[in-house]
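*Asks:* Here is how the chains run, residue by residue.
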Amino acid sequence: MSTKSLSAEYLKGLWDENPVFRQLLGMCPVLAVTNAVINGIAMGLAASFVLILSSVVVASIKKLIPTQVRIASYIVVIATFVTVADRFMAAYFPPISKALGPYIPLIVVNCIILGRQEAFSSRNSVGRSFIDALGMSTGFVLALLVLSSIREILGAGTFLGMQVMGSWFKPWIIMILPAGAFITLGILLGIALLVEQKTRERRAS
Amino acid sequence: MNLSVRMVVVLTAVGLISGGLLSVVNLLTAERIELNRLKEIEDAITQVVPGTVSSQKLYEEDKFTVYASKDASGQELGYAVYASGTGFQDIIVLMFGTDPAIETINSLTILEQKETPGLGAKITDQQAFLRYWKGKDIRQPLTLRKPAVGSPEELGATEVNTITGATISSDKVMGVVNLSLERLRQIKQEGKLASGDGHVN
Amino acid sequence: MQKKTFHHGIHPPEHKHFTETKKLEPLPAPDKVFIPLHQHFGAPAKPLVKKGDEVLLGQKIGKSPVLFSASVHSSVSGKVLSVDGYAHPLGKPVTTVTVSNDGEDRLAPETQGHENPFSLSAEDIRARVKEAGIVGLGGAAFPAAVKLNPPKDKAVDTVIINGCECEPMLTADHRIMLEYPDDVIQGAELVRIATGAQRIIVGIEDNKLDVYKQLRQRDYAFPVEISLLKTKYPQGAEKNLIAALLKREVPRGGLPFDVGVVVQNVGTAKAVWDAVAHGKPLYERALTVSGSGIAEPKNLMVRIGTPFQAVIDHCGGLKEQSNLVVMGGPMMGLTQWTTQVPVIKGTSGILVWSEEKPAREYNCIGCARCVGHCPMGLVPTQLMKFIKYDALADAESAGILDCVECGSCQYSCPARIPLVHWLRLGKNKIISEKRKKSA
Amino acid sequence: MTDTGFLLRSSPHLKARDSVPKIMYAVVISLMPAMAASFYFFRLKALAVYLICLAGCLATEAVFLRVRKKPMSSLWDGSAVITALLLAMTLPPDLSWDIVLIGSVIAIALGKQVFGGLGNNIFNPALVGRAFLQVAFPVAMTTWSPPATLVIDTVTYATPLGNLKFQGALAQGTLTPLSDLFWGNTGGCLGETSSLALLLGAAFLLFRKTIDWRIPAGAILALGAFTGIFWLTSPQEYASPLFHFLAGGFILGAFFMAPDMVTSPITPTGAWIYASGIGLMVGLIRLFGGFPEGVMFSILFMNTFVPIINRYTRPRILGQRRGT
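Going line by line, the protein sequences match chains A, B, C and D. Mapped onto this note's numbering, the consecutive letters of the first sequence carry residue numbers 1 to 205. Mapped onto this note's numbering, the consecutive letters of the second sequence carry residue numbers 1001 to 1201. Mapped onto this note's numbering, the consecutive letters of the third sequence carry residue numbers 2001 to 2439. Mapped onto this note's numbering, the consecutive letters of the fourth sequence carry residue numbers 3001 to 3324.
Everything labelled a hint here was simulated from the structure, so no lab data went into it. Warning: the hint list may mix true and false statements.
In the DSBU-like style, the derived pairs of lysine-lysine whose C-alpha atoms are separated by at most 30 Å in a straight line are [claimed, not checked]:
(1) Lys2385(C) x Lys2046(C)
(2) Lys198(A) x Lys2385(C)
(3) Lys3045(D) x Lys2388(C)
(4) Lys2388(C) x Lys2434(C)
(5) Lys3045(D) x Lys170(A)
(6) Lys1146(B) x Lys170(A)
(7) Lys98(A) x Lys1039(B)
(8) Lys1057(B) x Lys98(A)
(9) Lys3015(D) x Lys2230(C)
(10) Lys2357(C) x Lys3209(D)
(11) Lys3045(D) x Lys1146(B)
In silico negatives: residues of chain D with every beta carbon more than 10 Å from chain A [as the list claims (entries may be wrong)]:
(12) Gly3078
(13) Gly3224
(14) Pro3307
(15) Thr3313
Label-pair distances were calculated between CB atoms; the ranges are [as the list claims (entries may be wrong)]:
(16) Lys2319(C) x Ala192(A): 37 to 45 Å
(17) Cys111(A) x Asp1125(B): 36 to 44 Å
(18) Val1005(B) x Leu189(A): 26 to 34 Å
(19) Pro1152(B) x Thr3174(D): 52 to 60 Å
(20) Thr3174(D) x Leu160(A): 28 to 36 Å
(21) Leu160(A) x Gln1127(B): 44 to 52 Å
(22) Thr3269(D) x Arg1131(B): 54 to 62 Å
Source: prediction; values computed, not measured. By construction, the Cβ of each residue, glycine as well, lies at the ideal position given by its N, Cα and C atoms.
Full structure from sequences and hints, please.
*Replies:* What follows is the structure, encoded as structure tokens:
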């Protein structure tokens, strides 16, 4: 059982336990769909939808589920919400659905979501699970936003499809390719570690 | 309650609730999703055969579909061909339109591709590639002009400009189009393109 | 003519011209000698004298307690001033017998020779060599009597006399071969008899052609072969010398016995002859005093226990700016923090020069020169990294214990990485861990 | 006894004269003929590319040294200069200055310093910079202009390998003549066109033993064998091994990039494996790949295997029984 204050429960997802930069979870969508900000946000919102609803559901039915079948139950719950999200996107946002391709269904196997059920929702109250899921979602969306902004601005010279770089700018096509995802993520992880190290040093001194 | 019985009950319950929820979602979205799909094809047909008001699926086989496109009076304007083939990196899906006699190509559009951005992906670019296809004579197989020339006037009747730096992707598109044209003529000769008996969209 | 040699190795500038034409000259015994009881590979000797005792020249003052050890003899006649710890060229202070020299060189009665040494049995030769406290004079100071006693199951067929003197700057062995060729060859014959070998090979590098020619011209009553080697470092290392002369490879972790060979340095061969034929224990040795910090470089016969300072003074003293004093050759020698340390049995040279601040170290750039030069076929830079990151098991499986610390890798390293230092550190760590485990 | 001020240190006390900066500047000297050739064939355009590369690489190196608190003397150890020159030599002459600058920064920052600086990088820094540019700016990186010595009135101009791959030059008989490839009178990257100039520099490096001869030898043998087999079976369809040696960046790669000490194996057997891998890959890409040229990717690809090659190709230790 977590004993943090509710605000701390929310804030931990932003930095201290940021799923992407600190826990290195959910790397597959992080690398695959961040070539444009709109895709990054869509993926982030879809995953958040699934994470928050699954967490609430799992937290509320946790007492009913025998331990032996808990993972199977979680997966069914998660898959349900993923399918809901997938169908909804296909019906109302066809271009984004097409751009994200198989990565929406793949949210089912996103470690952030199953990880939170196993690590948090299955042993905390509904309200607390909701806050935790909200925090993790925010952290995930922020990470995707940062990554996709860098990639879209450098790779296409645009942000959310709007031209932001001058006409002198030559797009770095590598940034919207998978290689650019790895390079950007690597640099961001390096910076995250550096920041973490400096904060720790400052706290220690 | 016995543990194994409880396990079965819980899983069944979870599955049932999930299934119920999903069927509701499906009911709500299925129609829209199908509409989206059809609209995409319709839009493409309108694009490759200008003036299309209605269209009709005439023939379908694996990765190859022929639509007849008609104007408001029901007059046949030509064929729209939906085809696909291997590109430089992944499958290229495209659609092109011809006149009813299959003598000239109307227009070409790329529906799906994963070619190298900035290079091969230029097959979707009007200025760099697609504009060169309009009105080409297709009684002979089309050919690519390499290296590319500056203006469309310099090209022969059956020649299409190559994308600078993306010879392979240009080549692949050319291959798909030529093959499809051959197949189109073949099935037309076989009389499989008789219109009127298909489903009207 | 085909010159023999081994694989890899280096050819550093020789700097032998300072002394190679200078005759071996005896250094007068100093007023006081400092004779450490531990000058050899193995256990220290037990003192036989105490403060105030009278000792004679050649008298045994330290007794070897076990097989792997060597006796120690007085190098002057006079009075024992103390038996106490004293500075030692190998680093830590060692129990040392200090004798004040009465200047009379009164010989100890037990130093009796033999008229026909070749008639002696292998047993007798070994006993006399052991009694004389002879150790390998090439530098390692391995007890000679042990080398003369091959294990029963290992037949020795060849005695190699090591006349390579592959270390730059050193010329004492060169002078011994030039001035005492008969002593060397006769000593080699005694070694051959003691080990039961069939033949003697003398290996000489082609920078000592005068010696080679002189030795070739002589007639020998015994099976002696004089062999010319291409000058290369570290040819004088036993395993490389055997590979060069016989194309035999001593197995990893093995000894020359394992391929039927015994290797002795030329100085050792002469010492064997002196001991067996003249009854002279090892109380003096030839050494080279050289380097740009020495006013008059020389080859000297020096009594064991003479302080470095006395030797250097005899050669005109230190030049002022000198800041590096090395015992041994420049490739494997040990730096000294004081010139008060005494000459010991393993002192093949005293080198002095001055050096500016060392150039900075770079990261390893993978030039692979250390790999190309390692005479043992190791990959020093990889070993260095294993040690740096404490991967001792990896270092051991990559062969770090085969390293002979010849320094070829570090010599050739353009990044100036102290490879030998790292490898030595790794070897010590691995060996001490093994000891801990077996204890 | 007091401290006498003598140095105490471990043996050996002698040092060979070669040092890291000397090795690096030997490579710089060896690149001079090829640089001169590029000035001759591409005039001021070449000079601009070299200067921007030098400025970009040295500035990036200086920033990293400062941030990582390393000795500033490392800036002049020559390694950053080599990276700059090699990068410049692999760029098309008309590349605009901002792209060149990005490439230089990436080469030093992502190719070298993120790994810990000189000696720790896995990939050849110049090639990392070039690979980045190749993927980031594919059009600019494949737009060539003819050398100033050729009077042709086209704006773009295909490289000899591009001609071979995409224009069917072999069938049409418009393959670039070997003599042009040898002297450098053709299109291509700045430093790769003149085989003669490159070979002069390579001879210097081989003579000085700065590079391991096994690496160019292995690469040449492998490429020769691979392209030779196809050429012998079907000379109308495949170009000769000699054409493949002289065309494109093969000589630059085989003599100046593949033997980069940091990123090539340190064992003799390893060098052969690494080099033949490069030669084979170049052949494969040129004959059957999507790109006309494959030297850069081949070297980067084989760079990744260097640590494992080093580990499994240790020389035999003296006295080690064969096979143990």
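*Asks:* Quick check: which numbered hints come out false for this structure?
*Replies:* 1, 3, 16, 18, 19, 20 and 21
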